[in-house]
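Engineer: So the chains spell out like this:
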Amino acid sequence: MSRPVVALVAIGDAGPDRASLQALTFARAIATALGVGLDAIVVGDSAVEPKPAALAGRGVTTALVVDHPTLTSDHPDGWAAAVAALVHERYEAVVGIGTERGNDLLGRVGARLGLPVAANCLTVEPGDRYRVARQRWAGSLIEDAWLDAPQKILTVAPNTVTVPAADASAAPALEHVSVSLTERDLELRVTSREAPARGSISLGDARVVVGGGRGVGSTDGFGDLEDLATLLGGAVGGSRVVTSAGWRPHADQIGQTGLRIAPEIYIACGISGAIQHIVGCKAAKHILAINTDPDAPIMGVADYAVIGDLHTVVPAISAEVRRRRGG
Amino acid sequence: MNILVCVKRVPATGGRILLTEDGSEIDTRHLGFTISPHEECAVEEAVRIVEAQGGSSTVLTLGPPGAEEQLRDAMAVGIERSILLETDGRDWDPIATAGAITAAIADQEAANGPFDLILFGNESADSGGFQVGIRVAHSLGRPCVTGAKAIDLGDGRITARREAGDGGWESFDVPLPAVVSVKEGLNLPRYPSVPGRLRAKKKELQRSSPTWAAGGLEKIALRLPQTETTQATVVGLGADAAPAVVDLLDRLGVLGG
Ligand SMILES: Cc1cc2nc3c(=O)[nH]c(=O)nc-3n(C[C@H](O)[C@H](O)[C@H](O)COP(=O)(O)OP(=O)(O)OC[C@H]3O[C@@H](n4cnc5c(N)ncnc54)[C@H](O)[C@@H]3O)c2cc1C
Ligand SMILES: Nc1ncnc2c1ncn2[C@@H]1O[C@H](COP(=O)(O)O)[C@@H](O)[C@H]1O
Chain A
1 MSRPVVALVA IGDAGPDRAS LQALTFARAI ATALGVGLDA IVVGDSAVEP KPAALAGRGV
61 TTALVVDHPT LTSDHPDGWA AAVAALVHER YEAVVGIGTE RGNDLLGRVG ARLGLPVAAN
121 CLTVEPGDRY RVARQRWAGS LIEDAWLDAP QKILTVAPNT VTVPAADASA APALEHVSVS
181 LTERDLELRV TSREAPARGS ISLGDARVVV GGGRGVGSTD GFGDLEDLAT LLGGAVGGSR
241 VVTSAGWRPH ADQIGQTGLR IAPEIYIACG ISGAIQHIVG CKAAKHILAI NTDPDAPIMG
301 VADYAVIGDL HTVVPAISAE VRRRRGG
Chain B
328 MNILVCVKRV PATGGRILLT EDGSEIDTRH LGFTISPHEE CAVEEAVRIV EAQGGSSTVL
388 TLGPPGAEEQ LRDAMAVGIE RSILLETDGR DWDPIATAGA ITAAIADQEA ANGPFDLILF
448 GNESADSGGF QVGIRVAHSL GRPCVTGAKA IDLGDGRITA RREAGDGGWE SFDVPLPAVV
508 SVKEGLNLPR YPSVPGRLRA KKKELQRSSP TWAAGGLEKI ALRLPQTETT QATVVGLGAD
568 AAPAVVDLLD RLGVLGG
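Chains as they are written, first to last, in this note's numbering: chain A, 1 to 327; chain B, 328 to 584.
Just so you know, the hints here were simulated from the structure itself, not pulled from any lab data. All C-beta atoms in this analysis are idealised placements derived from N, C-alpha and C, irrespective of residue type, glycine included. Worth double-checking, as some hints may not be accurate.
[As the list claims (entries may be wrong)] EDC-like mimics (lysine to aspartate or glutamate), calculated; alpha carbons at most 16 Å apart, straight line:
| no. | chain 1 | residue 1 | chain 2 | residue 2 |
| --- | --- | --- | --- | --- |
| 1 | B | 528 | B | 395 |
| 2 | A | 51 | A | 100 |
| 3 | A | 285 | A | 264 |
| 4 | B | 476 | A | 100 |
| 5 | B | 546 | B | 407 |
| 6 | B | 529 | B | 407 |
| 7 | B | 529 | B | 395 |
| 8 | B | 530 | B | 396 |
| 9 | A | 282 | B | 490 |
| 10 | B | 476 | A | 194 |
| 11 | A | 285 | B | 577 |
| 12 | B | 529 | B | 396 |
| 13 | A | 285 | A | 194 |
| 14 | B | 546 | A | 303 |
| 15 | A | 285 | B | 395 |
| 16 | B | 546 | B | 349 |
| 17 | A | 282 | A | 205 |
| 18 | A | 285 | A | 303 |
| 19 | B | 546 | A | 205 |
| 20 | B | 546 | A | 144 |
[To be verified] Which residues of chain B face chain A? A partial, calculated answer using Cβ under 7 Å:
| no. | residue |
| --- | --- |
| 21 | 342 |
| 22 | 345 |
| 23 | 458 |
| 24 | 497 |
| 25 | 515 |
| 26 | 561 |
| 27 | 581 |
With these hints in hand, go ahead and build the complete structure from the sequences.
Structural biologist: Okay, here's the thing in structure tokens:
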């Protein structure tokens, strides 16, 4: 049991990203509980030489840099092969972040090694087998489970771990490791990329989001919500009911199978508050519900409510905003 | 193209989740069942491809006898035949699930020839392991693209497009046979028609009962996250609430100018 624990980290010009620090923090807790060392595997484009100083203060003994002439972040199977080989050879446990990419990568590692993967963990009690708490239903439910395997593979639920300030521990030693990858491993690769669209305020970044649900009633019904959102420099989103009905594109869907938003205020109009919707908007600082039903479940998560028909309330709010601006 | 879609029966939870007294399960006495929206899109994609190009479509699930309902739902919107890997209601972890699905695929392919395309949801609605499709693909030695929101058909190949981390898009061009896990937004699934539902009742359903296996991830219990349930402060009724709402927006610093 004296094998070390390893975390997967991506290091950019500004150092490790937030997600990597969360994985590293989680991995460090496992290593500390087991009394073993902590390493990091630097993932991404192997052409970029990371500065080990970026990982100082995180308790990392060795940062592994994979040397390979053609492996890049465009190769999901290539990275899975590299990580699987290193984990198999050296480690007690590997921790990554539970983003789409993180789960994809460690899922592939688990498949290669024939080992279980506990995705989106919140807490862990390491031992012979690990007791983990992990998210189900996108975080609406928690599962306590045993993870029982010769090497443990875990991803951490994003934004659930508090990353402490760096401490006095030294920067890790840098170790270049070579891995042998087959042609097969490198076959799957990103063949083209498109840059993000620029222009309008994205739902993910907006400080004000006006959301519409079944109560909006139609595509045209969103006109009033658009008007208010535009006035406040915000964006419009919606529930699954409105995207399934084709009133809004799926890109506007907030929730378990849509987007997670974190605005200053979320104004939820004609939305009942199903758990699958709430997981997408609970990171909003404030929620204002506009609903005809004072007993709708959303009243249990919203901070403020207006009881009434959104088709009269929303235009009245816009009119009041305009009045105060003197226009 | 011969296409297989894998779906999972899950409770259709609404406003809140209730657990059984021992915390082992979601209390489903008053709930209906469904599949993940991602998987609904996988079903729709298979139907569209076969409508456009010919071939065959099959839906498969590993689940309790009641999961026949989800297979019939898929057949009601146009899938031709179905396979039920029947369980006794116990949990199967991702390794065990993938193992049973892989074995069933091998049997099917030995009898009927290969599936050109196998579709999964990116993650199941209830357990969200993000891995069953990846594991099946690995066992079959086929390429696997996850999180796809568009699939374009080429000659013996497909291009699958997914969102990149930076808000842009990335595409993978892969040879068939291949495995793709998809996300909602891939298409807009149709609703079943009444004749579709009637036809679905007569479509083929093959059953078998694989043996349960441990996979290394074992559920102990379920619990609800600690969340403060607040009771919303009612700031007003109807249009008369507008001034109070604008005061609130002002206090929160989002009123702008
Ligand atoms: C696995 C899974 C994943 C899902 N993922 C998502 C997801 O990502 N996002 C999502 O949103 N849903 C998701 N859902 C669906 C979710 O369970 C609900 O069905 C959906 O969120 C309900 O949408 P709604 O609130 O618009 O509609 P309803 O639940 O029908 O609520 C409509 C509300 O509008 C109110 N209302 C009606 N008329 C008016 C009016 N004139 N003025 C004011 N109020 C009015 C009603 O009182 C009611 O509260 C998912 C479901 C499953 C099973
Ligand atoms: N019991 C099951 N039967 C059929 N398909 C399943 C089952 N469990 C998972 N899947 C498929 O695998 C995908 C990923 O599941 P998971 O790894 O649990 O997140 C799901 O979206 C389904 O397409």
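Engineer: Confirm or reject each hint.
Structural biologist: How the hints compare with the structure:
no.	hint	result
1	528(B) to 395(B)	holds (10 Å)
2	51(A) to 100(A)	violated (26 Å)
3	285(A) to 264(A)	holds (5 Å)
4	476(B) to 100(A)	holds (13 Å)
5	546(B) to 407(B)	violated (35 Å)
6	529(B) to 407(B)	holds (10 Å)
7	529(B) to 395(B)	holds (13 Å)
8	530(B) to 396(B)	holds (13 Å)
9	282(A) to 490(B)	violated (23 Å)
10	476(B) to 194(A)	holds (14 Å)
11	285(A) to 577(B)	holds (15 Å)
12	529(B) to 396(B)	holds (13 Å)
13	285(A) to 194(A)	violated (32 Å)
14	546(B) to 303(A)	violated (35 Å)
15	285(A) to 395(B)	violated (43 Å)
16	546(B) to 349(B)	holds (13 Å)
17	282(A) to 205(A)	holds (15 Å)
18	285(A) to 303(A)	holds (9 Å)
19	546(B) to 205(A)	violated (36 Å)
20	546(B) to 144(A)	holds (6 Å)
21	342	holds (3 Å)
22	345	violated (11 Å)
23	458	holds (4 Å)
24	497	holds (5 Å)
25	515	holds (6 Å)
26	561	holds (5 Å)
27	581	holds (5 Å)
The structure fails hints 2, 5, 9, 13, 14, 15, 19, 22 (numbered hints given earlier, in ascending order).
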